[in-house]
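Asker: Each chain, letter by letter, is given below.
Number of protein chains: 2
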Amino acid sequence: MSPVEIRRATADDIPAIVAMLADDPLGAARETPDDLRPYHEAFERIAADPNQHLVVAVREGQPIGTLHLSVIPGLSRRGTVRSIIEAVRIHSDVRSEGLGTRLITWAVEESRTLGCQLVQLTSDVTRVDAHRFYERLGFEASHLGFKLSL
Amino acid sequence: MSPVEIRRATADDIPAIVAMLADDPLGAARETPDDLRPYHEAFERIAADPNQHLVVAVREGQPIGTLHLSVIPGLSRRGTVRSIIEAVRIHSDVRSEGLGTRLITWAVEESRTLGCQLVQLTSDVTRVDAHRFYERLGFEASHLGFKLSL
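These protein sequences, in sequence, are chains A and B.
Take the first sequence: its position 29, counting from 1, is numbered 29 in my numbering, and each next residue is one higher.
Take the second sequence: its position 93, counting from 1, is numbered 1093 in my numbering, and each next residue is one higher.
No lab work stands behind these hints, which were simulated from the structure alone.
In this text the structure is predicted, and so the values were computed from the model without any measurement.
Be aware that one or more of the hints could be misleading.
Straight-line alpha carbon distances no greater than 20 Å define the calculated SDA-like cross-link-like pairs of lysine to any residue that follow [claimed, not checked]: (1) B:Lys1147 x A:Glu110; (2) A:Lys147 x B:Asp1129; (3) B:Lys1147 x A:His143; (4) B:Lys1147 x A:Gln117; (5) A:Lys147 x B:Glu1109.
Go ahead and model the full structure; you've got the sequences and the hints to work with.
Answerer: Here it is, written out as structure tokens:
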């Protein structure tokens, strides 16, 4: 199998990232891969913020995975810097090949490098397989995640 | 009752904020109000980041509540900007007086002003009263929150 590189996403990766976000039971209803304009605007904002790390996993030039890592300073827990993992997706052609583990392991190591003492993420309650996956990687489902759409 | 003002925290508020973080069943074991040095360092980083909004609710010059709002851009959900609420605390002298509702309502309105389309937070699974509180305010417990300490 060809080697996989994890690197910072560029604007050229947007179509492939959005296609992965949309190729998902929940994402299908939320994304618009035929209209990339809002994604390009969002990408500019992400790229300009040094605390945002949007990456792609690439094999033979093709993005086959993506993940967004955010770094958030805070006062609580003696000034703990935490990272938040969002928007983890693996291309449907390469699922169950260990790429998810590789991406999350990368995010944990990168969080450590960036000085974080805590990594957190939320996962939709319906994604039962994802919950087992995160627990295998050492994450603890210690919290409920609440959302409010504006 | 004297009016309550919600305003951006200053370095002078750090002792009062840390005292509130520590006066909590979970915070008691995690905070060090007798050693404020790490909090001052964290405050500098928060104050320098335009996406971090650490506030205090103040009555008669005394901080009686605190909340940290972070703004995070992202590609998913058509480039949705989300806010994250962390470190919500109400001084024990004024609990059950509606200040929590006032603070969260402020955070939701501020999120709207800042261009966010989604507000999210996590709450420890043991904080059952807090869960009911957030659901009353319109939040949906749609996710599990995972954490990994580094």
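Asker: For which of the previously enumerated hints does the structure constitute a violation, in increasing order of number?
Answerer: none
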